[in-house]
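Residue numbers (full-length UniProt numbering), protein chains in the order written: chain A, 1 to 129; chain B, 1 to 129; chain C, 1 to 129.
Please keep in mind that the hints were generated in silico from the structure rather than gathered at the bench.
A hint or two may mislead.
In this list, chains with the same sequence are indistinguishable; a pair is considered to hold if it fits within one copy or across any two.
[To be verified] Computed cross-link-like contacts, SDA-like style, restricted to lysine to any residue with a CA-CA straight-line distance of at most 20 Å:
(1) K28 with E65
(2) K28 with N73
(3) K28 with G2
(4) K28 with V82
(5) K28 with P103
(6) K28 with G118
(7) K28 with P117
(8) K28 with G39
(9) K28 with R4
(10) K28 with V129
(11) K28 with V38
(12) K28 with R13
(13) K28 with S66
(14) K28 with N7
Remember, it's a predicted structure, so these values are computed and weren't measured experimentally.
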Amino acid sequence: MGTRHLNPEGLHRSPAFSQAVVVEQPAKTIYIGGQNGVGADGEVVGPTVGEQARQAFRNLATILESEGASLANIVHWRIAVVEGHTFDEGVAAFQEVWNRADPPPAITVHVVAGLGPGFLVEIDAVAAV
Amino acid sequence: MGTRHLNPEGLHRSPAFSQAVVVEQPAKTIYIGGQNGVGADGEVVGPTVGEQARQAFRNLATILESEGASLANIVHWRIAVVEGHTFDEGVAAFQEVWNRADPPPAITVHVVAGLGPGFLVEIDAVAAV
Amino acid sequence: MGTRHLNPEGLHRSPAFSQAVVVEQPAKTIYIGGQNGVGADGEVVGPTVGEQARQAFRNLATILESEGASLANIVHWRIAVVEGHTFDEGVAAFQEVWNRADPPPAITVHVVAGLGPGFLVEIDAVAAV
Chain A
1 MGTRHLNPEG LHRSPAFSQA VVVEQPAKTI YIGGQNGVGA DGEVVGPTVG EQARQAFRNL
61 ATILESEGAS LANIVHWRIA VVEGHTFDEG VAAFQEVWNR ADPPPAITVH VVAGLGPGFL
121 VEIDAVAAV
Chain B
1 MGTRHLNPEG LHRSPAFSQA VVVEQPAKTI YIGGQNGVGA DGEVVGPTVG EQARQAFRNL
61 ATILESEGAS LANIVHWRIA VVEGHTFDEG VAAFQEVWNR ADPPPAITVH VVAGLGPGFL
121 VEIDAVAAV
Chain C
1 MGTRHLNPEG LHRSPAFSQA VVVEQPAKTI YIGGQNGVGA DGEVVGPTVG EQARQAFRNL
61 ATILESEGAS LANIVHWRIA VVEGHTFDEG VAAFQEVWNR ADPPPAITVH VVAGLGPGFL
121 VEIDAVAAV
């Protein structure tokens, strides 16, 4: 299995994301459903994007660790933030959890009209091991 | 091919979704585009989330059956509901079509500002066989 | 590797999309993050959906060409358009770049409350080679 992060010439480069990620077979693929700022008790951890994003990243890490993987295995994540909020605090949370030595995943970011009750941010992901 | 549904300790558990689904190779992957409440004639089946979700689930089942698969093979689905509507009727439709003996897929739910004309709900999915 | 485009009986057919695409293993999968109307200099190319969609398609093509692939290898794309705009110009841009001899990808289209600053359209994709 090989994973390669693409940032071809002719496209803008950013340290925050890769333009695409290639996964060669055979690979194990992990489809992670939308993670929110929800703790093990099922409750929303707090009313800010920062708190919720931090918890969502923790959930992603917990899921991946249960498969012997880590955030570095994520090849694409999709972030939704509720209208009226910025993801700036989410970016700060990302910088806390992400090892800058790892090439970042491909990313999609949508500002949505809403999410489940009390949720300000939702992150789903595909990881390859 | 193996498919495993992950609900690791440290995360909230729900009967409605799995936190993630692992697909081991070799697998056949089916990428299903956004399904709406549209019948074979191309027309929207009705003005409610319930009718539309029921038809979207039927469409998903039809697509999967054409590949010898079923809803149980879905590993991740992404549901979009138009602002001002709740997915409660969609959940009821899901409960009608889903065999509770099957581990549920990973899920992402967004409330969006809009979809195609007349659509209140859209469901896309990745399935593995 | 085989890729088959599904349009099973019982579902509406459209020349614009396939209902689903099957990817048989072994395949190389390319996860392409959300592409916007952003040029190589990192700047938004213009204030219209048409200009931005055209550039986003160019970016998709550039990424795929860097892997010896093309737009025809896309199996599913997800298009987000900002509320208040229609994707009509995006469809026109698609018709310019898409070879009609190729079976079209599965598609998901959301109207979202917003995207990154200045962005009116975002397209992410999964391709299989």
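Okay, the hints, checked on the actual structure:
no.	hint	verdict
1	K28 with E65	within (14 Å within a copy, 25 Å between copies)
2	K28 with N73	both (10 Å within a copy, 16 Å between copies)
3	K28 with G2	both (11 Å within a copy, 10 Å between copies)
4	K28 with V82	neither (32 Å within a copy, 34 Å between copies)
5	K28 with P103	both (19 Å within a copy, 19 Å between copies)
6	K28 with G118	neither (33 Å within a copy, 37 Å between copies)
7	K28 with P117	neither (33 Å within a copy, 35 Å between copies)
8	K28 with G39	neither (27 Å within a copy, 34 Å between copies)
9	K28 with R4	both (15 Å within a copy, 11 Å between copies)
10	K28 with V129	both (5 Å within a copy, 14 Å between copies)
11	K28 with V38	neither (26 Å within a copy, 33 Å between copies)
12	K28 with R13	neither (28 Å within a copy, 23 Å between copies)
13	K28 with S66	within (14 Å within a copy, 24 Å between copies)
14	K28 with N7	between (23 Å within a copy, 17 Å between copies)
Hint compliance for this structure: hints 4, 6, 7, 8, 11, 12 are broken, all remaining hints hold.
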